[in-house]
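Sequences listed follow chains S and G, in order.
Here the first sequence is numbered in the UniProt record's numbering, starting from 1 and rising by one per residue.
Here the second sequence is numbered in the UniProt record's numbering, starting from 1 and rising by one per residue.
Honestly, I wouldn't trust all of these hints.
It does not matter which identical chain is used: a pair holds within one copy or between any two.
Below are the SDA-like pairs computed for lysine to any residue, each with C-alpha atoms no more than 25 Å apart in a straight line [claimed, not checked]: (1) Lys224 with Pro211; (2) Lys249 with Trp330; (3) Lys81 with Ile191; (4) Lys249 with Met297; (5) Lys81 with Arg38; (6) Lys249 with Ile191; (7) Lys224 with Asn121; (8) Lys93 with Ala384; (9) Lys224 with Phe262; (10) Lys81 with Val309; (11) Lys249 with Pro333; (12) Lys93 with Thr327; (13) Lys249 with Gly308; (14) Lys249 with Ala303; (15) Lys81 with His237; (16) Lys93 with Leu52; (17) Lys224 with Ser263; (18) Lys249 with Ser339; (19) Lys81 with Pro211; (20) Lys81 with Ala304; (21) Lys224 with Gly129; (22) Lys224 with Met208; (23) Lys249 with Asp301; (24) Lys249 with Thr334; (25) Lys93 with Asp28; (26) Lys224 with Arg275; (27) Lys249 with Thr51; (28) Lys249 with Arg217.
Note that these hints are calculated values from the structure, not bench results.
Number of protein chains: 2
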Amino acid sequence: MPTGAATAIVPSSQVDDPASPVVRFGWDRPLVLDSGARLAPWQIAYQTYGTLNAARSNALLVCHALTGDQHVANTHPVTGKPGWWETLVGPGKPLDTERFFIICSNVVGGCLGTTGPASVNPQTGRPWGIDFPLVTIRDMVRAQAMLLDHLGIDTLFCVAGGSMGGMQVLQWAASYPERVFAAVPIATAAIHSAQNIAFHEVGRQAVMADPDWHGGRYLEAGVKPAKGLAVARMGAHITYLSEAALHRKFGRRLQDRDAPTFSFDADFQVESYLRYQGEAFVERFDANSYLYVTRAMDYFDLAADYGGVLANAFRGTRTRFCVASFTSDWLFPTSDSRSLVHALNAAGASVSFVEIESDKGHDAFLLDEPVLSATVRGFIDAAARARGL
Amino acid sequence: MPTGAATAIVPSSQVDDPASPVVRFGWDRPLVLDSGARLAPWQIAYQTYGTLNAARSNALLVCHALTGDQHVANTHPVTGKPGWWETLVGPGKPLDTERFFIICSNVVGGCLGTTGPASVNPQTGRPWGIDFPLVTIRDMVRAQAMLLDHLGIDTLFCVAGGSMGGMQVLQWAASYPERVFAAVPIATAAIHSAQNIAFHEVGRQAVMADPDWHGGRYLEAGVKPAKGLAVARMGAHITYLSEAALHRKFGRRLQDRDAPTFSFDADFQVESYLRYQGEAFVERFDANSYLYVTRAMDYFDLAADYGGVLANAFRGTRTRFCVASFTSDWLFPTSDSRSLVHALNAAGASVSFVEIESDKGHDAFLLDEPVLSATVRGFIDAAARARGL
C-alpha cells in the first residue's frame, strides 16, 4: 500500500542498483535523523520472502549486521554466495518463508541500494562522501518503519537480528512497542562497549590513513581505499571469531609449505585467510559506508535515551523477547545479554534467554548452530500460536 | 672481559646512538641466525645497573617485550619517561640493583642501538630495510649470549621478562640451561597462538599498506609510514588491555564535550587515547623493526625445536622457574602459562606458578601490581639464598 510521495523506482548507478526493489521517498518525506539532519530525497532497498497474509499479521522483519545487507535468503548479487542467514531463514526454517512474510532492508548509511555516503547528494550532484550526515541505530529503524508504512504493514509479528541487527531489534522494541509482537535480539548489546568502540576506531583510522581515501572523496577520484579497508576488515574479522575457533581452524599450520620462509609472506594459514577476508570485503563494501555503520554502533546506548535506565526503554512492553548469546563471543559477551535480560525483567517483559555453548565466537549467530535454530524455532512457533498464526 | 673482535664504539647515526653502551662484533664474530643468514658486522646496545660481584655470580638479565628496549630502569632518552620496568627493577625493588648486576639489551632486529632493519647494510651502504634477515626469539637470545660472553659473564643468576621478554626467558632456559640459575617468565607462552599471529599480521599489513612504507625503503625516501604504524599500534594496544580496564578507564565517556558531535571526531575518550598511543609510538619506534619483532614472536614455538614435546626443552634442567600470569590477560591467557607449567613439571623442573588477579589485561606485567612484586621478590630472595648471594 504505497502512501505519501514514496514511489518504486528503477535505479541506475551501481550503488543505486542493488538487484532489489527500492522505495524512494521524495522531498516531502524526509528521513529525520538523530543528528537533526533531514535526508531527502532518500531511498531504501529491500528483499521480501513469502506472502503477506490477508490480515497483514505475519510480517517478520530481519535486521542485518554491520556489513550485511538485504540479501538474507537469496544468492547475493555481487558475491554469488548464499544469503547471509539461510541457516535460519527459508522454507521450513525457523524463520519460515512459507509461513511468514519476511522483509529485510539495507540500512541507511549502507551501500547496497539504501541511501548512504556513496549516494549522490542532491544538493551538489556529487557523491555525499563524508558530508553524508551521521546515522544512528534509531535512524536505521526509523527508515525501516517508513518502509513498512509504505508496504502497508502496521505491526510486525517479529523483528529479529544479530549483532548490529540485534541493536535494531532492541531499538524497534523500544521505539515502536505497539508495532512489535515478538523480538529476537541475538549476540548483541543495548550499549556498545569501550573495547568495541576502540576496535571500530582502529578500523576507521585504517581506512582514513589510506591516501586513496582522499578525505572521503575517493569516488570522484575514481579510486578506493582498498588497502585501508582491507586492514580494517582483517582486524575486525579476528574479533568475530574466538581464540578456540582460530586454533581449531588454523592453529599454526603453514600455508602450502613445509617450513617457514623466514620472510613476510603469509607463512601461516591464518595470515593467508585474513588477507583473503580483507581483499574479498573490499570488492563488496563501500569504505565510507564502513565508517558510518561502525559509528552508528558506537553511538548505540539505548539506556541513555531513557534517563540512563535501560528498563525504562521497555517499561510496560507487551512484546515477548527471545535473547540469545554465545559462550565464546567476546565482542558481545553473555554479560551484555545478561544486562539486557535483567532490564527486560525489571520492565516486566516476557523474556526467554539462552546462552549457547559454542567455540565459534561472535560469528556463531551466522552459522549453523543447532541450539540456536531450535531456540528460535521454539520461540517463533509459540509466538505464532499466541498471535493466532 | 672483552673477548674476540668485539669492541665498544661511539656510534654516530640516530639508530646507532641509543644513549647506551654498544658492543660491536666484527666480520669474524657473526651472529648466525636461525634462517641460516650470518649477520656481520653487527652490534648490540645495552644498559646495566648495579655492580657485578667478584664471583661474577649476581648477573641478572632482563629481556624486553615487543616494543620495549634496554632502558629498563632509567629515564628513556627519546621519550623522557621512566624506565619501562621501574616497578620491579631498582634499588630495593624485587630485582634489586643494589644487590644484582642487572643487564638489559636491545633485541636484534630492534631500533635502539642493536643491529636491525634501520641499520646500514655493510654490503650496500644503505639501510637494510626488509632485506634485513628475519630474526627469531632464539636469535635474540644468541645475541644476548654473545654480549654476556663479551662482558665475561658465564652464568646468570636470573633471567626475567614479560611477554616477548618471557619468550626469551624460556629460550634462555632451553638453549643454555647451565647458564641460567633462575628464570622468571611472566605473561608469556611457549608458543604463539593463531589469534596472536592474526593480530600481528593485521599490524604488519597496516604498516605495509602505507605508501610511505615504500616497500620497506622509506628511510632512503626520507619519510616514514607514520599512519600505518600508528594504526598497527592502536590495534595492538587494545590487545594489551582488557575489556574491564577499558571500561574502567574510559567507558563511553565523551572527550571534552557534553554530547556526541555526530562526526568522525574522537568523540569518545577511548578514541582520543588510542590516537595518542598511535602517534606517540611512531615517534619512538621504527616501522620495519615492528615487522621484524612481531614476526619473531609469531615464529616462536619452543616445543617444535624439541620434537614437538615442550617438556623436552627443559628435560634435566636445574633452573628454578617462577611463572606468573594475569587473570584478565587475553593475549597470553593463563592457559598458556598452565601449559608451560605442565611441561616444566613433566621435565622435573622446580617451578612456582602464580595466577594473579588483575583486571588490567596483558599490560599488568608492566604496572604496579603488588602481588607480582611480592611474588618476584619472594622467588628472587629464595633463589639468591640458594645461590649464596
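When Cα atoms must be at most 25 Å apart, do lysine 224 and asparagine 121 count as within-copy, between-copy, both, or neither? Cα proximity of lysine 224 and asparagine 121: one copy only (19 Å, versus 36 Å across).
Taking 25 Å as the upper bound on the Cα-Cα distance, should lysine 81 and isoleucine 191 be classified as within, between, both, or neither? Neither: 31 Å inside a copy, 36 Å across copies.
25 Å Cα threshold - placement of proline 333 relative to lysine 249: both (21 Å within a copy, 19 Å between copies)
For the identical chains here, do lysine 249 and methionine 297 meet the 25 Å Cα criterion within one copy, between copies, both, or neither? between (29 Å within a copy, 20 Å between copies)
Between the shortest in-copy and the shortest cross-copy C-alpha distance, which are at most 25 Å for lysine 93 and threonine 327: within, between, both, or neither? Answer is within: at 24 Å inside a copy they meet the 25 Å cutoff, but 41 Å across does not.
Intra- versus inter-copy proximity for phenylalanine 262 and lysine 224 (alpha-carbon distance at most 25 Å): Between. Shortest inter-copy distance 24 Å satisfies the 25 Å Cα cut-off; intra-copy 32 Å does not.
Is it within, between, both, or neither for lysine 81 and proline 211, if the alpha carbons may be no more than 25 Å apart? neither (31 Å within a copy, 33 Å between copies)
Up to 25 Å between alpha-carbons, please classify lysine 93 paired with aspartate 28: within, between, both or neither. neither (40 Å within a copy, 72 Å between copies)
Between lysine 93 and alanine 384, at a C-alpha cutoff of 25 Å, which is it: within one copy, between copies, both, or neither? within (14 Å within a copy, 68 Å between copies)
25 Å Cα threshold - placement of arginine 38 relative to lysine 81: So lysine 81 and arginine 38 fail the 25 Å test inside a copy (35 Å) and across (49 Å) alike.
One pair to classify: lysine 81 and valine 309, alpha carbons no more than 25 Å apart. Within, between, both, or neither? Neither: 41 Å inside a chain and 42 Å across chains, both beyond 25 Å.
For lysine 249 and serine 339, with the copy left unspecified, which applies at a CA distance of at most 25 Å: within, between, both, or neither? Close across copies (20 Å), not inside one copy (32 Å); limit 25 Å.
In this structure, the hints that do not hold are numbers 3, 5, 10, 19, 20, 25, 27, 28, in rising order.
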